[in-house]
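Asks: The lines below spell out each chain.
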Amino acid sequence: GDSVTQMEGPVTLSEEAFLTINCTYTATGYPSLFWYVQYPGEGLQLLLKATKADDKGSNKGFEATYRKETTSFHLEKGSVQVSDSAVYFCALRGAPGGGNKLTFGTGTQLKVEL
Amino acid sequence: EADIYQTPRYLVIGTGKKITLECSQTMGHDKMYWYQQDPGMELHLIHYSYGVNSTEKGDLSSESTVSRIRTEHFPLTLESARPSHTSQYLCASSDPLAGHLETQYFGPGTRLLVL
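Chains A and B are the protein sequences, given in the same order.
Quick note on numbering: the first sequence equals residues 1 to 114 in this note's numbering.
Quick note on numbering: the second sequence equals residues 1001 to 1115 in this note's numbering.
Excised from the complex, chain A in its bound form (with noise of 0.2 Å):
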């Protein structure tokens, strides 16, 4: 079946460090891609997707390359902030025929200190 797999946290950076949270998946087929950020006590919310190979997903700053050589879907940010702080969670939504589920990733806590 589907699985996602992401790098454990947390994850503590500096103000302005470069972020790079690994994401790999298993899945049949040509899945879409997703990253979703979750701020405390919030639900989740999508920061980026991309639903074919070679597609690079980007917002606020995020970034993220669908790559099928290698199954995997890194997030990167040049310049992390305090207010980045959240939880990240890698999703992969598999070929039509599986009821379109999502299968997440465990989630991965960054901590950005000053």
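Hints are supplied without guarantee of correctness; some may be wrong.
Claimed, not checked - Which residues of chain A face chain B? A few of them, derived with a C-beta cut under 7 Å, are:
{"hint": "1", "residue": "E42"}
{"hint": "2", "residue": "G43"}
{"hint": "3", "residue": "L44"}
{"hint": "4", "residue": "L46"}
{"hint": "5", "residue": "T51"}
{"hint": "6", "residue": "V87"}
{"hint": "7", "residue": "L102"}
{"hint": "8", "residue": "F104"}
{"hint": "9", "residue": "T106"}
{"hint": "10", "residue": "G107"}
Don't read these hints as lab results, they were simulated from the structure.
For every residue, glycine included, the Cβ atom is placed at its ideal position computed from N, Cα and C.
Here the structure of chain A is known, so what remains is to put chain B in place on it, guided by the hints.
Replies: What follows is chain B alone, placed relative to chain A:
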């Protein structure tokens, strides 16, 4: 911004009480979902619906039940709350007509504590 709402945001209740968590969306989405999020952050799909009068159980077995009488409304009910039901419950919706661009949008969640 997605227009999906959940009430209450926080609920503290005693064991044995019946509770209903509300979820509404104004986007006309046919598909709706309920997730349970444990303290370790992992999300588990417990119910979903493809449209009015359609409900399905998710990947994680749950003692809760759901109904879908109107497109915009997808309430979740626990007939007799227990401490093991303490969790955060997240509702989501999506538009299947978006095809490969289909995206789930989440509500703010209900944090439930059963004493």
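Asks: Going through the numbered hints above, which ones does this structure break? Give me the numbers in ascending order.
Replies: Result: no hint breaks.
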